[in-house]
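All chains, please: the whole structure from these sequences, using the hints.
Order-wise, the sequence lines are chains R and G. Position 331 (the first sequence) corresponds to 1311 in our numbering; numbering is contiguous. Position 160 (the second sequence) corresponds to 163 in our numbering; numbering is contiguous.
Some hints could be false.
[What the hints assert, rightly or not] DSBU-like, lysine-lysine: derived pairs with alpha carbons at most 30 Å apart: (1) R:Lys-1054 x G:Lys-96; (2) G:Lys-78 x G:Lys-91; (3) R:Lys-1012 x G:Lys-96; (4) R:Lys-1054 x G:Lys-162; (5) G:Lys-96 x G:Lys-184; (6) G:Lys-162 x G:Lys-78; (7) R:Lys-1054 x R:Lys-1315; (8) G:Lys-91 x G:Lys-162; (9) G:Lys-91 x G:Lys-163; (10) R:Lys-1054 x G:Lys-163; (11) R:Lys-1054 x G:Lys-78; (12) R:Lys-1012 x G:Lys-91; (13) R:Lys-1244 x R:Lys-1274; (14) R:Lys-1315 x R:Lys-1274; (15) R:Lys-1274 x R:Lys-1012.
Keep in mind that the hints were calculated from the coordinates and are not lab data.
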Amino acid sequence: MDVYVAGVGEIPCRPAYGDLDFREMLYTAARKAYEDAGIHPSEIDGIVSSGMDFYEGISITDSYTPDQVGGRLKFNTLVSNDSLNAFIHGYMLLRTGHFRNLMVTCYAKPSNMLNYPEVVLNSFDPHVVRPLTPHPYVLAALDARAYLSRSGASPRDLSLVAVKNKKNALGNTSAAYAGATTPDDVENSAPVSEPLKRGHISTLCDYAAAVILTTDRRLGRFTVKGVGNAFGAYSSDLSSRMWGLLAWVRHAAQKALRMAGIGKVDFVEVSEPFAHTELMALEGLGIDGEPAHKTLRAGGYDLGGHLPVNPSGGCLGMGYPLNAAGLQRVVQSVKAMSRMGWRTCMILSSDGEVVDAGSAVVLTSEV
Amino acid sequence: MRVKPARYSERYLAQQPEDVRRAIIGLELDKEFGRVEGWASSLNRKYTDTDEWRAENLILTYWRIACRYSHAAGKAATRFLDGLRDGKILGTKCGRCQRVMIPPRLFCEWCFRDVDEWVEHSGEGAISTYSLSYIGTDPGVRLEKPIIVAVIWFDNTSKKSPSSQTVLHAAGLLHIVDGVKPENVSIGMRVRPVWRRDGERTGSILDIAYFTPVDGGVG
Ligand SMILES: [Zn+2]
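Right under this line is the structure:
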């Protein structure tokens, strides 16, 4: 049984939607998805929503979701972690044969959070990590340092990623942080935690997205050819983690590629809360042959390169909407396939800023 | 009981802006609030019937969650709260199903469409359900005088099923009822809002001090 994407909707990324609450943001995204799919909300059988209670400051955020996306009196479930995981859960629910059309939704409203780094502290082990009060960007810097050391890449490669993505975002009306910058601009931005400069870090953004999945071929516009998800090799003890490496990518991506029966894709959309996340994910993907930073330097990941990566602008160019980043990638992939005539893509999204776990999805424009 | 006190380090406090540091210290988050003497009586109280919860079976690392949020109210709730500040109860109305929504939304989830207009309501209505509460949100707290918590459905806003006359929707609020003896409260009792005075209202649900019987109640 094949599963298709019938339609997508989003509210553009913004630093803050001060005048809208999350319900109003989601309603807007859902309306667009229904319009895009050309179906009525009554034809939806259920809702799979992605939410993180700590980020939203509301317990059981999924019970706040269904009304504004057309899910009244219907099946509803919340999937934790990144929204690409929710997308895969929607895919699996459809494959059970119990549903025909499902809506996958997510939103992020980090502008509601006054002390984001301290909120994130609560995801760390309370006995051995939390009392040290590490900022998440410092943990990301540990990852970046380890990645650079292991791969032989230079800090300037991180700047090349930032420049590429911000430039790509210039063509994306949903992007909040597009810009024409140079590697020197990024190098000269404020040091955050060496080797990370401010320009290597995706800025948080408010965002909401809705994707309608279906098993009805007549409604399908893109096919979900393969899915994969893997937990990394680490435990909750950060010291035992494999730093500088996204161990989950190879396992999740290979699973998705095997399901799809392909070895190559036309482009990649990868959530990159930090510039090095993109390179670490591409290393794990390994469909390139070369070390990721060498392909990057040669322009292979540019819009006109042999494997465009984040043609949407990624999170560096669009803004990082926390757990909504995965569905943000799905919506951008669908938009890119429609606009550029590309036929296959790989979508990768980690379960958080510095989390070695995540999801992979292969989409094609063939139905 | 094995307790591992944890607290915000001096180094961390030093990083905070002055006002945040003051707030943390004001909440005593810098203290070793995990000390057994300070918490023993609360922790050793039997909260539930499950003995595993008893404090002597736990290893505790105390961590007070200091998440700070500033929830954007959105277009609908902002106008509603501004209305309360002005002493008005505002709602929205869907032109298709004719429902009045209080608290308001910009969309009707029945018809999945935008609402059509804003309406004002006096806030008079009837108690649809209520409870006399003797408990506080901290476990073990008992109140001498019960709080009357009620859901008030506003006049002429209910939509009923044609056959069973079950109310499918009504505009209204969950709020506090006062100015009446607890034993005299009943379902269907007609109530009206009692507002805080001009100048004291801030744009909060608490601008309505409480609901009270329309007929003046019985003390
Ligand atoms: Zn309606």
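Comparing the hints with the structure gives:
Annotation: proposed proximity of Lys-1054 (chain R) to Lys-96 (chain G) holds, straight-line Cα distance about 24 Å (limit 30 Å). Of the pairs offered as hints, the one joining Lys-78 (chain G) and Lys-91 (chain G) holds, with about 17 Å between alpha carbons and a cut-off of 30 Å not exceeded. Note on Lys-1012 (chain R) and Lys-96 (chain G): the hinted pairing holds, with a Cα-Cα distance of about 22 Å set against a maximum of 30 Å. For a cut-off of 30 Å, the pair hint linking Lys-1054 (chain R) to Lys-162 (chain G) stands: about 21 Å separates their Cα positions.
The suggested pairing of Lys-96 (chain G) with Lys-184 (chain G) is violated, with an alpha-carbon distance near 35 Å, which exceeds 30 Å. Distance restraint check for Lys-162 (chain G) and Lys-78 (chain G): the Cα-Cα separation of roughly 25 Å lies within the 30 Å cut-off, and the hinted pair is therefore satisfied. This hinted pair checks out: Lys-1054 (chain R) and Lys-1315 (chain R) have alpha carbons roughly 28 Å apart, not beyond 30 Å. A hinted pair counts as satisfied when its Cα atoms are at most 30 Å apart, and Lys-91 (chain G) with Lys-162 (chain G) qualifies at roughly 23 Å.
Proposed proximity of Lys-91 (chain G) and Lys-163 (chain G) is supported: the alpha carbons are some 26 Å apart, at most 30 Å. A C-alpha spacing of about 21 Å is found between Lys-1054 (chain R) and Lys-163 (chain G), which places the hinted pair at or below 30 Å, so the restraint holds. At most 30 Å may separate the alpha-carbon atoms for a hinted pair to count; Lys-1054 (chain R) and Lys-78 (chain G) meet this at roughly 27 Å. Distance hint between Lys-1012 (chain R) and Lys-91 (chain G) is unfulfilled; the C-alpha atoms sit about 34 Å from each other, more than 30 Å.
Distance check on the hinted pair: Lys-1244 (chain R) and Lys-1274 (chain R) sit about 19 Å apart at the alpha-carbon level, within 30 Å; holds. Restraint check for Lys-1315 (chain R) and Lys-1274 (chain R): satisfied, since their Cα atoms lie roughly 28 Å apart, inside the 30 Å limit. Proximity of Lys-1274 (chain R) to Lys-1012 (chain R) is assessed by CA-CA distance (about 40 Å); at most 30 Å being required, the pair is judged violated.
The structure fails to meet hints 5, 12, 15 from the earlier list, while all remaining hints are met.
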